[in-house]
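Construct all of the structure, not just a fragment, from the sequences and the given hints.
From first to last, the protein sequence lines are chains A and B. Under our numbering, the very last position in the first sequence is 730; numbers go up by exactly one each time. Under our numbering, the very last position in the second sequence is 349; numbers go up by exactly one each time.
One or more hints might be untrue.
[Said to hold, decoys possible] If you want the footprint, here are the derived chain B segments under chain A, 3+ residues with CB under 8 Å:
1) 68-75
2) 86-92
3) 96-109
4) 243-249
Since the hints were made in silico from the structure, they are not lab data. Predicted, not measured: the structure shown is a model, and the values here were computed from it. Just so you know, even glycine gets a beta-carbon here, dropped at the ideal spot from N, CA and C.
So the chains spell out like this:
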Amino acid sequence: MSRPALAWSVAGLLAAVTLPWYALQEGLDSGVWLTGLWSSDDYASALGQVAALGRWWLAPVLLALLACVAISLPPLPRERRGTLLLWASGIGLGLLIAQALGIGLRGWTTNWLTALFGELEARQFGIGAGAAVILIALLSLLSIGLALRGAFGGDAFVAGAVTTVAASIVLFTAWPILRILLQAFQDGDGAFMPALLIDRLSTEKIWSLRCLAGGGRCGVAWNTLFLAIACGAGTTALGLAFALIVTRTSFAYKKTLRVLTVLPIITPPFVIGLALILVFGRSGLVNQFLEWSIGVPPTRWIYGFQGVFLAQLFAFTPVAFLVLIGVVEGVSPTLEEASQTLRADRWATFSTVSLPLMRPGLANAFLVGFIESIADFGNPIVLGGDYGVLSTEIYFAVVGAQLDYGRAAALALLLLAFALGAFFLQRRIVGTRSYATISGKGDSGLPSPLPDRARRAAQWVALPWAAITLLLYGFAFVGGLVKVWGRDYTPTLEHYAKAFAVETTADGVIWSGAAWNSFWTTVKLAAIAAPLTAALGLLAAWLLVRQRFAGRSTLEFATMLSFAVPGTVIGVAYVFAFNVPPLEITGTALIIVLCFIFRNMPVGVRAGMAAMSQIDRSLDEASLTLRGRAPQTLMFVVLPLLRPAIVGALVYGFVRAVTTVSAVVFLVTAEYELATTYIILRVINGDYGLAIAYSCALIVLMLAVILLIQLAVGERRLGRRAPQAQGGRA
Amino acid sequence: MSVEFRDVVKRYGNATAVAGVSFTVEAGTLVTLLGPSGCGKTTTLRLIAGLELPSEGRILIAGRDVTNLSATQRDVSMVFQSYALFPHMSVLENVCYGLLRSGIAKAEAAARARDGLKQVGLDGFEARQPSELSGGQQQRVAVARALVLKPSVLLFDEPLSNLDARLRRQMREEIRELQRSLGLTVVYVTHDQQEAMAVSDRIIVMNAGLIEQQGGPRDLYERPATPFLARFMGESTPARGAVRRLDAARVRVRLGEAEIDVADQHAADGDATVAVRPEAITVEPAPGPTGALAGKVAKASYLGTHMEYSITTAAGTLFATCPRVERPLAPGAAVALVLAPRGVIVVGR
Numbered sequence: 001m002s003r004p005a006l007a008w009s010v011a012g013l014l015a016a017v018t019l020p021w022y023a024l025q026e027g028l029d030s031g032v033w034l035t036g037l038w039s040s041d042d043y044a045s046a047l048g049q050v051a052a053l054g055r056w057w058l059a060p061v062l063l064a065l066l067a068c069v070a071i072s073l074p075p076l077p078r079e080r081r082g083t084l085l086l087w088a089s090g091i092g093l094g095l096l097i098a099q100a101l102g103i104g105l106r107g108w109t110t111n112w113l114t115a116l117f118g119e120l121e122a123r124q125f126g127i128g129a130g131a132a133v134i135l136i137a138l139l140s141l142l143s144i145g146l147a148l149r150g151a152f153g154g155d156a157f158v159a160g161a162v163t164t165v166a167a168s169i170v171l172f173t174a175w176p177i178l179r180i181l182l183q184a185f186q187d188g189d190g191a192f193m194p195a196l197l198i199d200r201l202s203t204e205k206i207w208s209l210r211c212l213a214g215g216g217r218c219g220v221a222w223n224t225l226f227l228a229i230a231c232g233a234g235t236t237a238l239g240l241a242f243a244l245i246v247t248r249t250s251f252a253y254k255k256t257l258r259v260l261t262v263l264p265i266i267t268p269p270f271v272i273g274l275a276l277i278l279v280f281g282r283s284g285l286v287n288q289f290l291e292w293s294i295g296v297p298p299t300r301w302i303y304g305f306q307g308v309f310l311a312q313l314f315a316f317t318p319v320a321f322l323v324l325i326g327v328v329e330g331v332s333p334t335l336e337e338a339s340q341t342l343r344a345d346r347w348a349t350f351s352t353v354s355l356p357l358m359r360p361g362l363a364n365a366f367l368v369g370f371i372e373s374i375a376d377f378g379n380p381i382v383l384g385g386d387y388g389v390l391s392t393e394i395y396f397a398v399v400g401a402q403l404d405y406g407r408a409a410a411l412a413l414l415l416l417a418f419a420l421g422a423f424f425l426q427r428r429i430v431g432t433r434s435y436a437t438i439s440g441k442g443d444s445g446l447p448s449p450l451p452d453r454a455r456r457a458a459q460w461v462a463l464p465w466a467a468i469t470l471l472l473y474g475f476a477f478v479g480g481l482v483k484v485w486g487r488d489y490t491p492t493l494e495h496y497a498k499a500f501a502v503e504t505t506a507d508g509v510i511w512s513g514a515a516w517n518s519f520w521t522t523v524k525l526a527a528i529a530a531p532l533t534a535a536l537g538l539l540a541a542w543l544l545v546r547q548r549f550a551g552r553s554t555l556e557f558a559t560m561l562s563f564a565v566p567g568t569v570i571g572v573a574y575v576f577a578f579n580v581p582p583l584e585i586t587g588t589a590l591i592i593v594l595c596f597i598f599r600n601m602p603v604g605v606r607a608g609m610a611a612m613s614q615i616d617r618s619l620d621e622a623s624l625t626l627r628g629r630a631p632q633t634l635m636f637v638v639l640p641l642l643r644p645a646i647v648g649a650l651v652y653g654f655v656r657a658v659t660t661v662s663a664v665v666f667l668v669t670a671e672y673e674l675a676t677t678y679i680i681l682r683v684i685n686g687d688y689g690l691a692i693a694y695s696c697a698l699i700v701l702m703l704a705v706i707l708l709i710q711l712a713v714g715e716r717r718l719g720r721r722a723p724q725a726q727g728g729r730a
Numbered sequence: 001m002s003v004e005f006r007d008v009v010k011r012y013g014n015a016t017a018v019a020g021v022s023f024t025v026e027a028g029t030l031v032t033l034l035g036p037s038g039c040g041k042t043t044t045l046r047l048i049a050g051l052e053l054p055s056e057g058r059i060l061i062a063g064r065d066v067t068n069l070s071a072t073q074r075d076v077s078m079v080f081q082s083y084a085l086f087p088h089m090s091v092l093e094n095v096c097y098g099l100l101r102s103g104i105a106k107a108e109a110a111a112r113a114r115d116g117l118k119q120v121g122l123d124g125f126e127a128r129q130p131s132e133l134s135g136g137q138q139q140r141v142a143v144a145r146a147l148v149l150k151p152s153v154l155l156f157d158e159p160l161s162n163l164d165a166r167l168r169r170q171m172r173e174e175i176r177e178l179q180r181s182l183g184l185t186v187v188y189v190t191h192d193q194q195e196a197m198a199v200s201d202r203i204i205v206m207n208a209g210l211i212e213q214q215g216g217p218r219d220l221y222e223r224p225a226t227p228f229l230a231r232f233m234g235e236s237t238p239a240r241g242a243v244r245r246l247d248a249a250r251v252r253v254r255l256g257e258a259e260i261d262v263a264d265q266h267a268a269d270g271d272a273t274v275a276v277r278p279e280a281i282t283v284e285p286a287p288g289p290t291g292a293l294a295g296k297v298a299k300a301s302y303l304g305t306h307m308e309y310s311i312t313t314a315a316g317t318l319f320a321t322c323p324r325v326e327r328p329l330a331p332g333a334a335v336a337l338v339l340a341p342r343g344v345i346v347v348g349r
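Structure (structure tokens):
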């Protein structure tokens, strides 16, 4: 007998009898389905659907589960039981997926199926609780079968974990993106028209180059590319200057510069755009001063390429700094010392040794800046004016008056192509050549100070820039504390009051502020998503670093790839993939949470992988040979040593969920409105005071949450003399 | 309990780490897997542990087929090269770990862990962190941690390579002592042939994923079956010579002008590669006795207990050790080498 296999088969069968197969309008907690489990069209369980309602195509799934019970019970050799389980659950899964894709809201989904089987009267809604549990049970049985046959080191937990991670990435990243591809080829009625994509993509509005010839505007594709290249180059140069100052000079205020790296992570991405409007906008400080002093009439100068570029440069330079500081620190001082002992002076060392060693890191920083720029939605919508980019264009195609899903899909495809193009180009050029050398061995060399020329240049660029960045944040903060910026600078708290008012009446507390609804929704959904993001990310990292299995590199590549997919694309893809059966979750909170998780997971994976590869592999193996099964090893050995990475993943998961705009702007509804989308709407309506007050409140919230997570997870407890986890070698 | 390998193969992608290996480890013996780095010995050990599963073949422990069982499901435990002590746990927690995972109650686990620590001479160290121990003490904790589980088979992966020379000798004696007194079945991996000879009942020499030869330490040293083995066991240098059979049990080996009668049952007549053990060479100042091999000192090193010489001869460059340190020979000196028959081994063509 195999107990885990039996348990999962029985669980699946129980779900097939006691849970409704399809998703419910009323939700599972309403309880109305309990009376209709057998015969109600909407509420029936799988068994009811087959036996009482004649949905014969669900029968194979039930049979597969029964077969699994039969396979689990008798005494069989391991391999034989594994093979049988694999077949039974595999066929069950295959048919479950086939029927879900083959039969939709209007019977058969494709014409050849209708031709084959004849008209089908029945309709299918999205799958519900029963189907979900059965799907999980079948996946688990498949994993157990694989483990019994000796795959994944013969460990069912590892097999299950790999299946879970792979299945969820396929379902929530690969499938939606595939749907975009399909949608781009379909006309309004869903017919397949390959020529349509060319039509959609070959318009003047996308590819026009008139701006170069003087007069007229360029297409959105060129706009996006120009902006992204400028932003990538600019942020990389500035980030390098900062990184060099912090690591290679005796600059006195290094700590303050480090604070700069935290700011953009915890501020919603459009806050800088807002601040720029306060300074350079029509009623901003600069225009007002010019009008008052020399009578120049206010201009809308800031709106357009220059505004978006400035905002992105301010917003993403810290990100480049964060990437490059690791790169600069990673250049081994010993190599520089070697160069100096070989008769190279400081400048020659810097230009012939240090800089070339940093080149892969610089390419990486450029890629990050490039992708951040093309994915950015907040700044272009706030500051872009007539300068349209792909992300805003997609937004208007989906939510605007056009309501043209096909066009949105085609544009999203173009955006995806840019992102992946940059990603592959970078990999092609840099390859896996990374010379950064942080080994376990202590590197006793001292980093050589920057040559004077380079130091002066870096300081002249970076320091004024840092001052302006801080100043902008300062203006943004003050902007929430005055009545009407540009007209009435009376200090006031009325914006905060409007957003966050709380009244106490006889009936109790009333959260009457305008922001509370979206605020609580954001906090709730982010709090649900963060631990799931961290858990899935770290699990994936553990699998990728510690387990060897077929398809490992494919899985790693898939997680890397989803990092390069812009949020706008993910958002549109989710709308397309999940507003029709089999998985119908548009308009629910679930889709927003899923979007948070799969948008932010790749970073958790990278962080987890980096942390895990610093922990000696033999610690895991020791635990395994000491009777600790894989989950226990994870629990008692790996996780306690991973505390810093857990904190990082949790914080990132939460903060990114709160600050993201581009992906969720397509997914929010009146019922589930999020803080950032609410603020964007306020900004578009010109209500800057409230928007700024709300943004500041969000920043405070996130600082509080970061502290809370840090406290809850705690420090890792190691021996006093060994700061790194290296098998306890003294 | 015994361990048996039947035609086990382990591949990683295109690379073959173990290319078809069969052997049996008898219960209650200490068997060493010996070989140069990359020969597949560690992979073989990990196959026994269940940290790797074989691509082909079967593995049996105590007569039971464990081929596709994971490490946790096998009754083995392992002492790692890096000791792999959990840095976030105290010494006692480390030793308790396996007992607790096996479902033994806390109090009982602690008691057994204390016993285990006493066995390796570490009582009183329970509350320390691993990082507060010396290398030798960490090694003992790792042994205690594996020992308290009373495994059918205990595995050692180069356990002494992180210790200094003196401690290495002491620890290997302690391991052998424990193995004998408790009647443990032990599989031990090392690349150091002296260490292997000192601790083993039997040695399995591996090379390029295959078993080169197996047998007792004495068999392997005195009757190496291949040139590889002759070179690997003891630092003998291969020389070129000629062989002529005298009778069924003896051959006459000619090296340069020297002729030595050697016990051998297999070698065929003709040119041959001959291994000469360094300790079998007596270095005399020239001209020396008749039948000696003439040579010239190329390099000389003083090592306190003995001298080491590289000597160029007509049969090739020979490596010799010489216990007489009071009157060392300088490079360039002409010498005569007297070869003792037990240290001259015909190893092939």
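Q.
Can you tell me if the region 243-249 of chain B counts as covered by chain A, using C-beta to C-beta distances under 8 Å and a minimum of three residues?
A. Violated - the region 243-249 of chain B has 0 residues with a Cβ nearer than 8 Å to chain A, which falls short of three.
Q) At a Cβ distance under 8 Å, does chain A reach at least three residues of the region 96-109 of chain B? A) holds (count 4)
(Q) Cut-off 8 Å, C-beta pairs, minimum 3 residues; does the coverage of the region 68-75 of chain B by chain A stand? (A) holds (count 6)
Q) Mind checking, does the region 86-92 of chain B have 3 or more residues with a CB under 8 Å from chain A? A) This one holds; 3 residues, not fewer than the three required, reach chain A with a Cβ under 8 Å.
Of the hints listed earlier, the one the structure fails to meet is number 4.
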